[in-house]
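These are the residues of each chain, in order.
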Amino acid sequence: MKLELKPVTSSTRMPDLVTGKIDLIAATMTKNEERSKQIDFNYMYFYTEQKFLTRKGTVKTLADLAGKKIGTSKGSTSEQNAKKALPTATILSFDDYPPAFLALQQGRVAAVTTDESILVGLMNATKDKNSYEIRNIPISKEPYGLGMRKGDTNFVNFVNKTLLAMEKSGESDKIYRKWFPGKRFFKITDKQ
Amino acid sequence: MFNYEFDWAVVTSGQYAQWLLSGTKVTIELSVVAIVLSFLLGLITAVMRMSNVKPILWFAHAYLEFFRNTPLLVQIFFWYFGSYKILPKVINDWLNTTNFEFSAAVIALTIYTAAFIAEDIRSGVRAIPKEQMEAAHSSGFSYLRSMYYIILPQAVRLTIPTLINQFLNLTKNSSLAMTIGVAELTYQARQVESYTFKGFEAFTAATLVYLALSIVITWMVTLYNKHVLNPLGVR
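Read top to bottom, the protein sequences are chains A and B. For the first sequence, position 145 matches number 140 in the working numbering, and the numbering has no gaps at all. For the working numbering, count along the second sequence from 1 and bump the result up by 131.
Treat the hints with care, since some could be wrong.
Here are the simulated SDA-like pairs of lysine to any residue, each with C-alpha atoms no more than 20 Å apart in a straight line [to be verified]:
hint : chain 1 : residue 1 : chain 2 : residue 2
1    : A       : 136       : A       : 57
2    : A       : 63        : B       : 283
3    : A       : 63        : B       : 224
4    : A       : 51        : B       : 172
5    : A       : 16        : B       : 328
6    : B       : 185       : B       : 273
7    : A       : 16        : A       : 28
8    : B       : 216       : A       : 121
9    : A       : 79        : B       : 250
10   : B       : 261       : B       : 238
11   : A       : 124       : A       : 112
12   : A       : 145       : B       : 273
13   : B       : 303       : B       : 341
Now the stretches of chain A that chain B is said to cover, found in silico as 3 or more residues with beta-carbon under 8 Å [said to hold, decoys possible]:
hint : stretch
14   : 100 to 114
15   : 120 to 126
These aren't lab readings, by the way, just hints derived from the structure by calculation. Beta carbons: idealized from backbone N, C-alpha and C, even for Gly.
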């Protein structure tokens, strides 16, 4: 079976899966109860937390962001979490993360908020990454899962088996070290 | 029959209905401001386009060709993201303290729609016999005064039905503002969909609101035709 990759955005990935345009979502998708009602998840394969990407030195604590404009992506858990954590801030949702980051670069928003893994990617893609920072102000836990259509239990079991085998053989550790610095502090197990 | 449980309460009561309501308010604000401004800008541009002064005519002609032939979405991104690169830092910093998302959307909608309105008004002016302009000149009116007192009042009255078309387009085009974070109706419908997964209900509600807005605008045309144009003997 050949792998075919299709880019999606936070707001289109679930409709695409449900309508059959894609068969598996591997798109920094957090497992939560609300989504589990519509689609099936496998075991957690990655763990990160939602944080804020800001210009260096502008933000020290969560309170510094009260009443400011914050950018994020439509249809993501980041949006809902940000609204809960900062009820006085204005959350501007763009179609995807690059426009949100562009808004941060142009000073139109004080911060971009989403999973730290995505923030790291945004920061590293720009030339002046030293002017930005991700402070340790987590506002949620984000366990990632691969999304599949509800009722597709054969596929879900196959995916879980494959991931557990990768964990046992140490391959998932190798892959993590290839892309991320620092220690990996989670493992793929069948307890999630 | 359908593999889906409809839940209309989601969009008719509670906080999600509040979101749709606030989105409707922003759509109406965007539309009304842009309609008024685009009408004024369209008028001015039409007069410039018909001027005898060549530089003015060329500028108006270039403006019209450019803004009518580029996609509105591109124009919205230009005013919001693109303008940052060419404006001085002082202005950018000031803009960031304002509600620039809304302003950029209004600017884009205004300039885009004004280009179409200008052409519609020009057609209206062409329908006025040119003897009127000549008579005005011979009575001592300058070009601008002839336009203002004699030609434009008649031309605009003739083209108002066509202009209402442009205003309808503008109201629907206002949904594009969501791409720069303006929380108007379509944006809120997508919000409701992503929180509740009741996409069908959310987008049906938004469609009905847009339909209602369009019907109000169209109804005003009928009223206008009945009470202003027809009594004048214009069909």
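Against the structure, the hints:
1. The straight-line distance between the Cα atoms of residue 136 (chain A) and residue 57 (chain A) is roughly 16 Å, inside the 20 Å bound, and the hint therefore holds.
2. A hinted pair counts as satisfied when its Cα atoms are at most 20 Å apart, and residue 63 (chain A) with residue 283 (chain B) does not qualify at roughly 47 Å.
3. With a CA separation close to 14 Å, the supplied pair residue 63 (chain A) and residue 224 (chain B) stays within the 20 Å bound.
4. Between the alpha carbons of residue 51 (chain A) and residue 172 (chain B) the distance comes to roughly 43 Å, so the proposed pair goes past 20 Å and is violated.
5. Taken as a hint, the residue 16 (chain A) and residue 328 (chain B) pair is honoured in the structure, with Cα atoms around 18 Å apart against an allowance of 20 Å.
6. For a cut-off of 20 Å, the pair hint linking residue 185 (chain B) to residue 273 (chain B) stands: about 17 Å separates their Cα positions.
7. A hinted pair counts as satisfied when its Cα atoms are at most 20 Å apart, and residue 16 (chain A) with residue 28 (chain A) does not qualify at roughly 23 Å.
8. Proposed proximity of residue 216 (chain B) and residue 121 (chain A) is supported: the alpha carbons are some 16 Å apart, at most 20 Å.
9. Distance hint between residue 79 (chain A) and residue 250 (chain B) is unfulfilled; the C-alpha atoms sit about 49 Å from each other, more than 20 Å.
10. A distance of roughly 34 Å separates the Cα atoms of residue 261 (chain B) and residue 238 (chain B); the hinted pair therefore is violated under the 20 Å criterion.
11. In summary, the hint linking residue 124 (chain A) to residue 112 (chain A) is supported, as the alpha carbons are separated by about 15 Å, within the 20 Å threshold.
12. As the CA atoms of residue 145 (chain A) and residue 273 (chain B) are separated by approximately 74 Å, the hinted pair breaks the 20 Å bound.
13. Taking the CA atoms of residue 303 (chain B) and residue 341 (chain B), the gap is about 7 Å. The hint holds against a cut of 20 Å.
14. Counting residues of the stretch 100 to 114 of chain A whose CB lies closer than 8 Å to any CB of chain B gives 3, so the stated coverage by that chain holds, three being the minimum.
15. Counting residues of the stretch 120 to 126 of chain A whose C-beta lies closer than 8 Å to any C-beta of chain B gives 0; at least three are required, and the coverage claim is violated.
Violated hints, in rising order: 2, 4, 7, 9, 10, 12 and 15; the structure is consistent with all others.
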